[in-house]
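S.K.: Dock chain Y against chain E, hints included.
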Amino acid sequence: MLEVSLQKRLDGFQLNAAFTAESGLAVMFGPSGAGKSLTLQAIAGTFPPEAGRIIIDGQTVYDSAQRINLPPQARRVGYVPQHYALFPHLTARENIGFGLVHLPRHERERRTGELIELFDLQGLEHRRPRELSGGQQQRVALARALAVQPRLLLLDEPFAALDAPLRAGLRQELVQVQARSGITVLVVTHDLADAFALGQRVIVYDAGRVLQQGTRDEVFFRPATRRVAEFVGTGNILPAVVEHLEEGTSWLQWQGQHIATPPAPFAPGTPVYLCIRPTQILIVRPNRMAERKRENLLCGHIVSEMMQAETYTLQMRLDHSTAAHDLAIALPGYVYHRLSLDSEKRIMVELRRQVLHLIPRDTTVIMH
Amino acid sequence: MSWHPVLLSIQVTAVASLLILVLGLTLALLLARSHFPGQIFLETAINLPLVLPPSVVGYYLLLVLGRGSPLVERLGWRSLFTWQAAVIASTVVGLPLMVQAAKAAIAGVDPALEKVARTLGSSEREVLWRVTLPLARRGILAGFALGSARALGEFGATLMVAGSIPDRTQTLPLAIYDAVQNRQYDLANKMVLLMTVLSFLALWGVRRLEQSA
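So the protein lines, in turn, are chains E and Y.
Be aware that the first sequence starts at 1, since it is given in the working numbering, and climbs by one per residue.
Be aware that the second sequence starts at 1001, since it is given in the working numbering, and climbs by one per residue.
In case anyone wonders, no lab produced these hints; they're calculated from the structure.
Because the structure is a prediction, the values reported are computed rather than measured.
Glycine residues also receive a C-beta, built at the ideal position from the N, C-alpha and C atoms.
Heads up, some of the hints might be wrong.
[What the hints assert, rightly or not] Covered stretches of chain Y (chain E as the covering partner; in silico rule of three or more C-beta atoms under 8 Å from a C-beta of chain E):
(1) 1104-1114
(2) 1117-1123
(3) 1129-1140
Chain E with its partners taken away, still in its complex shape (with noise of 0.2 Å):
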């Protein structure tokens, strides 16, 4: 269990943050430069903040009030800085057992030993930081934090030097070593896929402030603001007004449309938006039309198509629209080719009430 909360005023901008993080994996989601390594800095005791607080599992070591400041060699926090900071001038073997020099010779050597298989880095003790790959050099990082026994792990953007096949693989490993150890980890990432792949819990954070932290659904699916969806690839993020309340369904205007909401707090005539991920969209076939009641059925035109790996990104003009386009719509390969989408560009979509969520567009309205 941490929880932190930070002022310190920086270049360019203040960082004000507030989160909290229960134990498994946690994950700080912003672009470059919002200030995320600097928190995990703060919270490992190696970069000071001007005042807050920082508890850690139910131990104050850091209060700016009660003047409380543990230095880092007494938080019993692993850090993972970004590149991985192994010292070059030991081998895998030395860096992994760097910290346990006060212990017994023979307690240092079984402890090095059991991490070194446990991170399957046996006949790499020897080498060099420069002579293991990316991946080795990760793995020797991360069994060198945990030899100390921390009893939370911080790692600064762990897959940003690794090539995509490798990150998937590590990903997982980092999600076993977390149930393993039982310890809180919180990763800092910039990646959209390493934030939904690992994040338990997501901070959403820009230019020094926390702007929603929540569960992995809450943020991704029901981000607060039009910042946050814009961050977690929302995808459509579209200008909507209230027009109607009814029973259970609250009704939007949408380029000339009729939408029907689940129930929101947002008084008729409001200006919200409405969001929907491009790969909640579905494509209706007209044969299927009658398998169960739809809502929400659109039509109208694709008018660009991008293919990225196994996945087709739509852009789709609405029928009477005047805008370029209106929709994104993502969906696998084989779905595109079963709906013959190559020769077939009118189409009719159902945006389903379920996966449909609304934001204020003023953001003095408090949501709740």
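M.R.: Here is chain Y on its own, set in the frame of chain E:
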């Protein structure tokens, strides 16, 4: 040829080198790792002997070591015209070379490595001995070799504060000057060759360190 100037030069250079190492490392760490008012002034002052005429350096040393200075009046250390004054002169002119090289090497150590060491429980002293100094080793050794070579070759300031008293304060460079004055070219040739070889070896060692870095 008398061996006294050679032995004296070795003695003076050895003690001066020790001082250069200890003082130089301390100053380099101070300058590389902290910021304090007057830092640039201190750094410039340390570097001054690189550009000042030897007579000016010697003159300042006469003020510091001579009659009326606290060293003499309070501590009773009368060093003028002894081998100890030659050590001080050699140290002062060798020090800037050591400080500059060591400072650059220490500043070049990634601070992230030191931060990680602290989170792994290392005290500040352990960080220094296990991370910073081993990683800055080459630059420190190069600066040490340059500083020592300069100390060995010191002439002008030494002449002013230690004199050139045969068999007492006459170091190798001073003995060479004396031999030339007395037209003992045979003796001068031998000593010049020895100086050249020693200095060449020191610079060659520095070059090797720089190349393997």
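S.K.: If a hint holds in the structure, say so; if it doesn't, say that too.
M.R.: Verification of the hints:
1. 1104-1114: As far as the segment 1104-1114 of chain Y goes, the hint holds, because 3 residues have Cβ atoms under 8 Å from chain E.
2. 1117-1123: holds (count 7)
3. 1129-1140: It holds, with 4 qualifying residues against the three required.
Comparing the model with each earlier hint shows no violations; every hint is respected.
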